[in-house]
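As a plain string of letters, each chain reads:
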Amino acid sequence: MTGTNPLLDEAELRQMTTEQAMIAGAEADGVHVVHRRDQFPVPGSRAEKRAERAVASLFVLSALAGVAFIVVFVAVPYSYKTPGHSQNFRFYTPLLGILMGLMLTLLGIGAILWAKSLMTEEELVQDRHDVPEDGPEQVMTGATLVSGVYDTGLPRRSLIVRSLGLAGGAVATVPLVILVGGLLKKPGKTLDHTLFAPNPDFPGGIPIVYSDGRRVSPNDLQPGGIATVFPGVRGGVHGPRSASSPTLLIRLRPGQGKLVKARKGQADWNWQDFVAFSKICTHAGCPASLYESQTTRLLCPCHQSQFEVLEDAKPVFGPATRSLPKLKLDVEVVDGAQYFVAPQDYQEPIGPGFWERS
Amino acid sequence: MTTTQTPTRRSGKPRTIAGKSGVWIEERFRIAKPTRGLLNKVFPDHWSFMMGEIALYSFIVLLLTGTYLSFFFDASMGDVVYNGSYVPLRGVEMSRAYASTLHISFDVRGGLIIRQIHHWAALLFVAAMLIHMLRIFFTGAFRKPREVNWLIGLTLLVLGVVEGFAGYSLPDDLLSGTGLRIADAIILSIPLVGTWTSFLVFGGEFPGTEIVGRLYIVHVLLIPAILAALIGLHLAIMIRQKHTDFPGPGKTESTVTGIRFYPTFSAKATGFFFIVFGLLAALGGLAQINPIWLFGPYNPAQVSSGSQPDWYMAMLDGSTRLFPSWETRLWGHTVPALFWPTVVLPGVLIGLAAAYPFLEAKLTRDRARHNLLQRPRDVPVRTSLGAMALTFCFVLFVSGGNDLIAKAFDISLNAMTWGGRIATLVLPPLAYVVTYRICLGLQRHDREVLEHGVETGIIKRLPTGEFIEVHQPLGPVDEHGHGVLPYAGSAVPKRMNKLGTGQLTHVRGFFYPVKEKPEIAEKLAALEERERAESERHAELTD
Chain A
0 MTGTNPLLDE AELRQMTTEQ AMIAGAEADG VHVVHRRDQF PVPGSRAEKR AERAVASLFV
60 LSALAGVAFI VVFVAVPYSY KTPGHSQNFR FYTPLLGILM GLMLTLLGIG AILWAKSLMT
120 EEELVQDRHD VPEDGPEQVM TGATLVSGVY DTGLPRRSLI VRSLGLAGGA VATVPLVILV
180 GGLLKKPGKT LDHTLFAPNP DFPGGIPIVY SDGRRVSPND LQPGGIATVF PGVRGGVHGP
240 RSASSPTLLI RLRPGQGKLV KARKGQADWN WQDFVAFSKI CTHAGCPASL YESQTTRLLC
300 PCHQSQFEVL EDAKPVFGPA TRSLPKLKLD VEVVDGAQYF VAPQDYQEPI GPGFWERS
Chain B
0 MTTTQTPTRR SGKPRTIAGK SGVWIEERFR IAKPTRGLLN KVFPDHWSFM MGEIALYSFI
60 VLLLTGTYLS FFFDASMGDV VYNGSYVPLR GVEMSRAYAS TLHISFDVRG GLIIRQIHHW
120 AALLFVAAML IHMLRIFFTG AFRKPREVNW LIGLTLLVLG VVEGFAGYSL PDDLLSGTGL
180 RIADAIILSI PLVGTWTSFL VFGGEFPGTE IVGRLYIVHV LLIPAILAAL IGLHLAIMIR
240 QKHTDFPGPG KTESTVTGIR FYPTFSAKAT GFFFIVFGLL AALGGLAQIN PIWLFGPYNP
300 AQVSSGSQPD WYMAMLDGST RLFPSWETRL WGHTVPALFW PTVVLPGVLI GLAAAYPFLE
360 AKLTRDRARH NLLQRPRDVP VRTSLGAMAL TFCFVLFVSG GNDLIAKAFD ISLNAMTWGG
420 RIATLVLPPL AYVVTYRICL GLQRHDREVL EHGVETGIIK RLPTGEFIEV HQPLGPVDEH
480 GHGVLPYAGS AVPKRMNKLG TGQLTHVRGF FYPVKEKPEI AEKLAALEER ERAESERHAE
540 LTD
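Chains as they are written, first to last, in numbering that gives the first Met the number 0: chain A, 0 to 357; chain B, 0 to 542.
Think of the hints as simulated: they come from the structure by calculation, not from any bench.
This structure is a prediction, so every number in the text was calculated from the model and none was measured.
Treat the hints with caution; some may be incorrect.
[To be verified] Pairs of lysine to aspartate or glutamate residues, derived as EDC-like cross-links and limited to a Cα-Cα distance of at most 16 Å, are as follows:
{"id": "1", "chain 1": "B", "residue 1": "K32", "chain 2": "A", "residue 2": "E26"}
{"id": "2", "chain 1": "A", "residue 1": "K313", "chain 2": "A", "residue 2": "D344"}
{"id": "3", "chain 1": "B", "residue 1": "K32", "chain 2": "A", "residue 2": "D8"}
{"id": "4", "chain 1": "A", "residue 1": "K188", "chain 2": "B", "residue 2": "E252"}
{"id": "5", "chain 1": "A", "residue 1": "K327", "chain 2": "A", "residue 2": "E355"}
{"id": "6", "chain 1": "A", "residue 1": "K260", "chain 2": "A", "residue 2": "D272"}
{"id": "7", "chain 1": "B", "residue 1": "K241", "chain 2": "A", "residue 2": "E355"}
{"id": "8", "chain 1": "A", "residue 1": "K185", "chain 2": "A", "residue 2": "E347"}
{"id": "9", "chain 1": "A", "residue 1": "K80", "chain 2": "B", "residue 2": "D365"}
{"id": "10", "chain 1": "B", "residue 1": "K143", "chain 2": "B", "residue 2": "E454"}
{"id": "11", "chain 1": "B", "residue 1": "K12", "chain 2": "A", "residue 2": "D8"}
{"id": "12", "chain 1": "B", "residue 1": "K12", "chain 2": "A", "residue 2": "E11"}
{"id": "13", "chain 1": "A", "residue 1": "K188", "chain 2": "A", "residue 2": "E347"}
{"id": "14", "chain 1": "A", "residue 1": "K184", "chain 2": "B", "residue 2": "E209"}
{"id": "15", "chain 1": "B", "residue 1": "K143", "chain 2": "B", "residue 2": "E25"}
{"id": "16", "chain 1": "B", "residue 1": "K12", "chain 2": "A", "residue 2": "E9"}
{"id": "17", "chain 1": "A", "residue 1": "K185", "chain 2": "B", "residue 2": "E204"}
{"id": "18", "chain 1": "A", "residue 1": "K184", "chain 2": "B", "residue 2": "D106"}
{"id": "19", "chain 1": "A", "residue 1": "K257", "chain 2": "A", "residue 2": "D267"}
{"id": "20", "chain 1": "B", "residue 1": "K143", "chain 2": "A", "residue 2": "D334"}
{"id": "21", "chain 1": "A", "residue 1": "K188", "chain 2": "A", "residue 2": "D344"}
{"id": "22", "chain 1": "B", "residue 1": "K32", "chain 2": "A", "residue 2": "D272"}
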């Protein structure tokens with residue numbers, strides 16, 4: 000069905016009421032008014048006034064909520080206070096939320112109520128104009144496109160086509176090269192090393208420190224205790240490369256040190272009952288930080304991989320595949336006190352797997 | 000037809016300022032006709048069509064609140080010692096990004112509520128898009144000619160998730176930093192290019208000093224610009240192709256029935272925008288979200304147990320938890336287990352969703368245009384496939400919080416993991432079968448009511464002593480007393496107080512139907528008649 004009513008001329012339209020002209024316009028657009036009715040045919044009836052008052056009171060309440068919002072925003076204290084002082088600031092954000100929510104929601108409900116109960120009720124049917132396809136238009140547009148291609152002579156000038164393809168390829172590639180080239184960083188062997196790697200400043204091995212920089216002494220830990228330790232080099236605790244540093248130092252219960260099933264050639268990597276493993280989970284890189292000293296299991300809280308410390312931190316449950324890399328421990332004596340050092344770096348890449356990891 | 004109170008003034012020369020400015024614009028731009036077309040666009044009325052609106056309005060709220068936040072946020076990983084008003088973190092070394100987020104939360108008047116509205120709006124944005132997409136899927140609205148808009152919508156959903164993740168990583172707190180660390184592990188897990196890509200994204204080894212600044216520009220410029228452009232395109236195509244509608248009396252493939260954009264629909268839509276915004280504002284004020292000051296600044300050595308990402312990431316978290324430890328090492332190269340549940344799985348799911356409209360059209364050999372929707376029960380295979388996919392995703396979603404469930408219900412964590420692994424394999428096919436049976440049952444019930452009528456609840460005793468229940472036929476009956484109305488793809492009234500709704504053109508209103516208006520029925524019958532004549536003439540012409 001076609002929506003074109005024979006277009007009326009301007010003079011005829013100007014003689015119409017606005018509603019008639021509106022309907023004429025809708026018809027011209029293929030929109031047919033099938034029903035149109037004022038919800039309150041008798042103006043000023045009690046029902047109409049009631050509906051009008053309902054909408055208006057929602058708008059007024061919305062405005063009041065807005066005023067209250069401004070008052071709260073300006074007058075209520077919002078600064079954080081430690082417990083023991085007035086905690087009134089805790090009401091600040093909730094109050095703002097309630098008032099802003101009321102202001103907006105009441106305005107919204109008012110608008111919808113207005114549309115539903117007061118605006119002219121109507122029902123329209125619009126032609127989609129999508130079936131059948133506009134055959135002649137299609138043919139003419141297609142012909143225009145194809146004839147344009149012939150006008151350029153592209154179908155018989157393959158030299159231009161190919162050279163243009165080359166130029167287009169270059170123009171498309173250069174920005175990509177600029178972007179990627181600027182961003183690219185060669186990984187090299189970076190992931191194979193951590194900051195425990197040998198450092199000329201520390202010929203006796205890298206000092207093992209706490210996050211505040213204090214050196215770690217064997218006497219600091221109770222049997223069954225753990226500590227998160229770091230390489231005591233520049234940027235070892237904080238810094239852009241420190242994500243590979245965190246190491247879990249575990250003091251097993253007396254005698255358990257001997258039970259650790261060390262890998263070949265790693266038997267002397269413990270120091271008495273102390274063992275040190277990378278804290279970075281070999282699955283997705285979260286710190287595997289929950290240690291249960293009774294079961295000697297380590298749990299990574301992100302994806303629940305579990306590692307058995309006595310079996311050289313072998314994964315025993317969950318998605319991790321590889322054991323946590325082990326750090327060789329040694330002790331040096333400074334001013335009569337013993338301190339841990341790492342005589343060598345981890346002997347395999349720590350953390351999640353990657354393609355180049357053999 | 001017209002019984003309105005519109006003043007009977009003539010549409011003569013404009014005299015008001017508004018009218019004169021209209022003429023001024025028209026004399027320069029000549030847009031009277033296209034403007035009128037837009038104002039007169041007819042919108043059908045159904046509650047399920049509002050989901051996309053919610054997504055659109057949340058996006059607007061995100062733009063408004065996000066612009067505000069950008070006035071205060073400092074996207075830098077440079078070190079600073081906190082000295083603001085949140086006493087517990089004073090003296091702590093942190094990045095400027097984290098410090099400025101604390102500043103927004105504690106020292107900017109009203110900053111916290113805007114931050115929280117922004118976060119809630121992001122959650123709602125993705126949720127509304129997903130539900131909108133499910134509505135489109137289960138009613139078959141993606142069929143020809145709307146496949147392109149399906150693909151645009153899918154792209155919007157994926158971009159929305161990426162945008163959400165980027166935004167949630169910006170404060171550089173312990174929770175989001177842990178998320179970024181996992182994201183880095185996911186990038187590293189990609190064969191061949193993983194390591195190089197990770198170094199490209201982070202500007203070196205994780206975490207480096209670049210990532211927050213880069214995520215910031217991605218979050219505030221790159222993705223929002225693409226989102227805005229695609230939303231514009233999505234809506235333009237929707238206006239061009241016009242809305243789909245549910246079948247029903249008076250509804251045809253070649254017409255759309257409803258109310259005009261101007262004035263009633265736009266008034267309702269504006270009202271709805273304010274309601275969505277108002278609810279988000281109330282949530283932002285009353286429901287705490289992402290209290291980064293409790294997590295502390297990011298530190299690669301720390302993590303809190305029970306860490307949960309935003310809801311749309313929970314599914315990936317779950318798949319990561321459930322996937323077995325199948326790391327492969329071949330010819331000196333490693334493919335980490337992480338690769339499969341976090342790169343391959345989402346890739347496959349998105350690919351399947353993108354291909355679905357084309358696959359369905361190919362398998363059902365359906366090349367027709369469809370403007371009328373289908374009821375999910377009438378397409379049991381599609382509905383069951385959807386239920387299967389939803390069940391699969393739901394198991395992964397729940398598994399994303401399996402540690403919390405294990406803790407709350409005192410279940411072994413390992414049992415939860417194994418339960419999830421088994422459930423991902425067993426429940427989806429089960430959901431398929433169950434949904435299929437439910438669809439068939441609903442179909443049969445529709446046919447039964449059409450044939451035998453609605454149960455009236457009246458028990459009648461026949462002279463023979465037999466008890467029967469009286470059924471109310473829906474329409475004319477044949478000589479056996481069986482109804483002759485065919486199933487028309489629309490809801491069949493099944494209770495006595497629903498009788499009559501079958502003839503109604505529109506069951507408007509959420510809670511009660513608008514009464515039938517005889518003149519609507521007449522008009523529509525006339526239109527339908529015209530339509531039939533038209534199509535017959537067309538058929539003759541083409542024969």
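Hint check:
no.	hint	in the structure
1	B:K32 - A:E26	12 Å, holds
2	A:K313 - A:D344	19 Å, violated
3	B:K32 - A:D8	15 Å, holds
4	A:K188 - B:E252	64 Å, violated
5	A:K327 - A:E355	24 Å, violated
6	A:K260 - A:D272	13 Å, holds
7	B:K241 - A:E355	53 Å, violated
8	A:K185 - A:E347	19 Å, violated
9	A:K80 - B:D365	67 Å, violated
10	B:K143 - B:E454	39 Å, violated
11	B:K12 - A:D8	14 Å, holds
12	B:K12 - A:E11	13 Å, holds
13	A:K188 - A:E347	11 Å, holds
14	A:K184 - B:E209	12 Å, holds
15	B:K143 - B:E25	37 Å, violated
16	B:K12 - A:E9	11 Å, holds
17	A:K185 - B:E204	10 Å, holds
18	A:K184 - B:D106	39 Å, violated
19	A:K257 - A:D267	10 Å, holds
20	B:K143 - A:D334	82 Å, violated
21	A:K188 - A:D344	13 Å, holds
22	B:K32 - A:D272	86 Å, violated
Violation of the numbered hints given earlier is confined to hints 2, 4, 5, 7, 8, 9, 10, 15, 18, 20 and 22; the remaining hints are satisfied by the structure.
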